[in-house]
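Protein chains: 6
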Amino acid sequence: MKKLTHINQKGDAQLVDITDKAISHRKATAEGSIQLNKETLKLIQNNMIKKGDVLNTARIAGIQAAKKTWELIPLCHSISLTKIDINFIINKKNNTITCQSSCECFAQTGLEMEALSAVSISLLTIYDMVKAVDRTMVISNIHLVEKSGGRSGLYKREIKDKPKKGVKAKK
Amino acid sequence: MKKLTHINQKGDAQLVDITDKAISHRKATAEGSIQLNKETLKLIQNNMIKKGDVLNTARIAGIQAAKKTWELIPLCHSISLTKIDINFIINKKNNTITCQSSCECFAQTGLEMEALSAVSISLLTIYDMVKAVDRTMVISNIHLVEKSGGRSGLYKREIKDKPKKGVKAKK
Amino acid sequence: MKKLTHINQKGDAQLVDITDKAISHRKATAEGSIQLNKETLKLIQNNMIKKGDVLNTARIAGIQAAKKTWELIPLCHSISLTKIDINFIINKKNNTITCQSSCECFAQTGLEMEALSAVSISLLTIYDMVKAVDRTMVISNIHLVEKSGGRSGLYKREIKDKPKKGVKAKK
Amino acid sequence: MKKLTHINQKGDAQLVDITDKAISHRKATAEGSIQLNKETLKLIQNNMIKKGDVLNTARIAGIQAAKKTWELIPLCHSISLTKIDINFIINKKNNTITCQSSCECFAQTGLEMEALSAVSISLLTIYDMVKAVDRTMVISNIHLVEKSGGRSGLYKREIKDKPKKGVKAKK
Amino acid sequence: MKKLTHINQKGDAQLVDITDKAISHRKATAEGSIQLNKETLKLIQNNMIKKGDVLNTARIAGIQAAKKTWELIPLCHSISLTKIDINFIINKKNNTITCQSSCECFAQTGLEMEALSAVSISLLTIYDMVKAVDRTMVISNIHLVEKSGGRSGLYKREIKDKPKKGVKAKK
Amino acid sequence: MKKLTHINQKGDAQLVDITDKAISHRKATAEGSIQLNKETLKLIQNNMIKKGDVLNTARIAGIQAAKKTWELIPLCHSISLTKIDINFIINKKNNTITCQSSCECFAQTGLEMEALSAVSISLLTIYDMVKAVDRTMVISNIHLVEKSGGRSGLYKREIKDKPKKGVKAKK
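Protein chains in written order, with our numbering: chain W, 1 to 171; chain V, 1 to 171; chain U, 1 to 171; chain G, 1 to 171; chain E, 1 to 171; chain R, 1 to 171.
These are calculated hints, taken from the structure and not from any lab test. It cannot be assumed that every hint is accurate.
No copy is singled out in the list; a pair is fine if it fits within one copy or between any two copies.
As the list claims (entries may be wrong) - Straight line, CA to CA, 27 Å or less: simulated DSS-like cross-link-like pairs of lysine-lysine:
no. : residue 1 : residue 2
1   : K156      : K131
2   : K38       : K156
3   : K131      : K27
4   : K131      : K21
Input sequences plus hints: build the corresponding full structure.
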């Protein structure tokens with residue numbers, strides 16, 4: 001049976017010792033979605049087309065969350081990211097906004113938590129900005145899409161989601 | 001059509017002016033789940049029964065996230081919480097852990113974002129602590145369950161989720 | 001001769017004791033400007049008209065700075081703001097962007113530092129976002145415009161700046 | 001026409017991708033001033049000569065701001081500084097204190113924002129500590145003096161300010 | 001047997017629910033000491049007499065730590081302090097510096113952790129600033145001296161420490 | 001007489017310039033204790049045996065404090081730790097819990113402050129969690145045990161503490 005690396009032999013929480021690991025170029029992409037009312041999505045889009053503020057604010061929040069993941073997730077190492085890219089895909093058919101974040105760094109440990117934190121906080125920020133008009137929003141499907149670098153090499157999520165037919169958020 | 005309160009007439013982002021709102025006793029409960037492999041859930045449970053570290057660490061992370069929601073979500077007001085309660089429900093049937101957070105405060109504005117942030121960061125912390133053995137985890141169904149206080153009064157989520165048959169995490 | 005309230009009788013730094021002061025409704029407005037190249041201003045405006053990202057990002061940064069002023073300025077008390085409003089005025093004649101912030105709260109102490117921090121960080125964020133095309137920018141004229149509340153009552157800056165003929169940033 | 005590097009092709013805010021840039025030894029020096037009343041300057045100097053607390057507190061605040069620039073300016077990368085030096089020059093003739101900060105690091109991106117943040121927060125801290133006796137202070141002339149390292153090499157501000165005849169703050 | 005209030009019936013960590021407690025005026029005083037080499041103490045004093053920087057920097061660090069205690073100690077509530085006073089007493093006989101902090105607030109919960117955090121971080125800052133010349137320093141005797149306010153009323157530490165014959169740090 | 005490296009020639013506080021120092025593998029171990037009532041220690045142990053929450057929460061707080069030492073101690077450089085290990089030793093004879101932390105990194109400067117901060121905040125967290133049942137706790141004997149790396153090489157505390165006869169905290 002595999003072992004939980006964050007728990008040592010005594011069962012105590014620990015910051016995994018990465019002292020002996022090599023620095024490598026690492027990438028991680030994560031994704032998640034927020035389900036909205038049809039009307040709410042329109043409001044965001046109208047605003048977005050004109051000024052983009054809801055999504056830009058969510059993007060800024062996500063970028064900042066990625067940078068401070070080590071502060072939010074107790075057992076994450078502090079790493080310096082060289083790239084944080086956050087995109088939103090609007091799917092009018094099922095009234096969702098999908099947030100996708102891609103991060104890169106040179107480090108002794110992976111950065112999937114940074115990509116996942118960026119997605120989570122971006123989606124929470126959308127929630128916050130439209131919650132006055134829509135209380136039934138649901139944030140779902142936050143997962144790792146792909147990662148590379150380090151000893152374990154490339155990982156791509158096998159279980160394919162159905163192809164997203166949403167249009168890229170145009171401005 | 002309703003208006004986005006976080007966006008002013010010019011479409012700029014703004015911290016909603018709550019100067020004229022009365023202080024009231026407010027509550028919010030939020031919920032979300034993480035889907036795991038059967039084997040991963042067992043590992044957490046074994047560890048939990050003995051020492052509870054995975055879930056306790058996730059709980060601590062969630063409490064701290066609730067307290068710093070104003071720092072994570074750009075347009076949230078800074079409020080002082082008088083209660084943050086975080087619980088985990090393990091559902092062996094579908095291999096999920098549900099995180100539920102209940103927060104209270106006396107404030108001029110609601111605290112659903114605090115409850116939602118607590119849930120999100122708690123689940124991300126579980127993810128982080130077991131990601132070495134399970135890369136296919138998915139965080140889902142983060143939503144507001146109930147809130148009260150303020151002008152809008154009591155809100156209870158209408159669309160009932162199917163009754164959770166999970167057992168309360170025992171220790 | 002007046003005394004420095006932040007320095008006690010021994011000359012040590014101190015957090016001014018506000019225990020005996022009454023809570024009152026307080027307001028503060030501050031202002032400052034950034035001088036840019038003509039070409040840089042055009043770039044921001046073109047971007048702004050289409051998407052508003054430079055100014056929106058600066059606005060978000062300013063709002064967040066106001067909320068964490070107590071963390072940035074060592075001897076500021078931690079207060080909860082009920083309003084943070086940040087506006088930008090573009091003056092094409094002299095190629096400047098003026099940032100104006102208005103904050104409100106109910107507190108035992110004033111909030112001019114919150115308004116001033118919001119202005120400073122907003123302007124630094126504009127600087128950061130356009131520094132690749134313009135290294136000669138200068139941030140100037142950061143000052144308190146007006147404040148009210150508390151024992152000292154209303155203060156309005158006497159020395160009038162020349163009337164700004166800039167146009168309000170339209171989007 | 002040059003492009004705004006912080007805005008991608010779609011006009012979205014982004015953390016500039018520095019993955020492919022080489023690490024180089026980088027330096028940046030920034031400067032700014034605060035205009036005070038004659039009487040206020042004397043108070044600071046008297047205190048300074050005896051205990052130096054106003055300027056020392058401002059220096060500490062500036063050093064801490066430089067270290068957390070990545071948290072204050074949304075699109076700044078997180079970098080580790082190897083040197084932060086903050087000096088104050090008192091000019092009795094025109095009643096100003098000029099703050100100068102010099103920072104160094106080994107990084108894939110420049111650090112002018114760190115130097116500028118240090119100056120801004122140092123000056124705001126002076127403002128905070130003497131605002132009880134002087135409400136007409138103005139912070140001005142915050143600019144980059146010099147920077148080196150990276151592809152763009154050495155930059156020195158061409159437009160010379162008039163020689164400062166102020167005396168170095170002696171203690 | 002008494003119960004641990006931070007641990008609920010199931011043994012989980014919790015933020016104690018203070019929703020039903022009344023707001024009261026609260027005070028707390030804490031104390032702790034650092035043992036130094038004779039030579040180190042002289043260095044600090046010489047510097048202190050001239051410029052006071054070691055102790056002023058320690059004082060600033062302590063004040064800032066008190067304000068962010070809720071961030072450092074996971075189960076502390078976030079409270080706004082109305083007074084933070086930090087003093088140092090130098091005892092040449094046994095080569096120690098004693099740090100004493102007094103805090104006040106109006107809150108539903110006590111603030112002894114704020115007073116204790118201020119002392120701890122102040123002493124660690126002294127340690128940091130002189131560690132290049134003295135590696136054998138020991139920080140000791142960090143304890144609560146007195147607290148008042150709330151249901152439990154006044155508490156004064158019964159076990160008297162021997163009278164401190166140190167001189168108040170003069171500047 | 002040795003010089004205080006954190007104070008420059010003028011006596012100003014400074015972030016020590018480490019630009020020219022080589023990166024080396026560095027380690028530091030620090031230690032400190034908390035004195036409790038017999039009854040309090042039993043409560044922690046009972047809880048610990050069953051769920052370990054008090055000590056696990058203290059451990060998490062210590063790990064997070066180590067990561068943000070640069071934010072707590074004004075003149076500490078920001079460094080990325082590759083290992084943070086925190087252990088507790090319970091000594092039933094004298095009713096103390098000793099906290100020991102070991103940190104590692106590759107950096108241009110030492111990390112003893114990170115190890116010492118981890119110990120201090122871990123002990124304060126224990127204090128916070130049991131203070132409702134015990135107000136006479138004292139935190140003592142916080143010191144550096146050992147450090148290595150950098151120009152100064154290995155340091156081991158010479159003055160041996162009496163051998164600790166405490167049992168390792170078993171769970």
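Comparing the hints with the structure gives:
no.	hint	result
1	K156 x K131	between (34 Å within a copy, 14 Å between copies)
2	K38 x K156	between (32 Å within a copy, 21 Å between copies)
3	K131 x K27	between (33 Å within a copy, 16 Å between copies)
4	K131 x K21	between (44 Å within a copy, 18 Å between copies)
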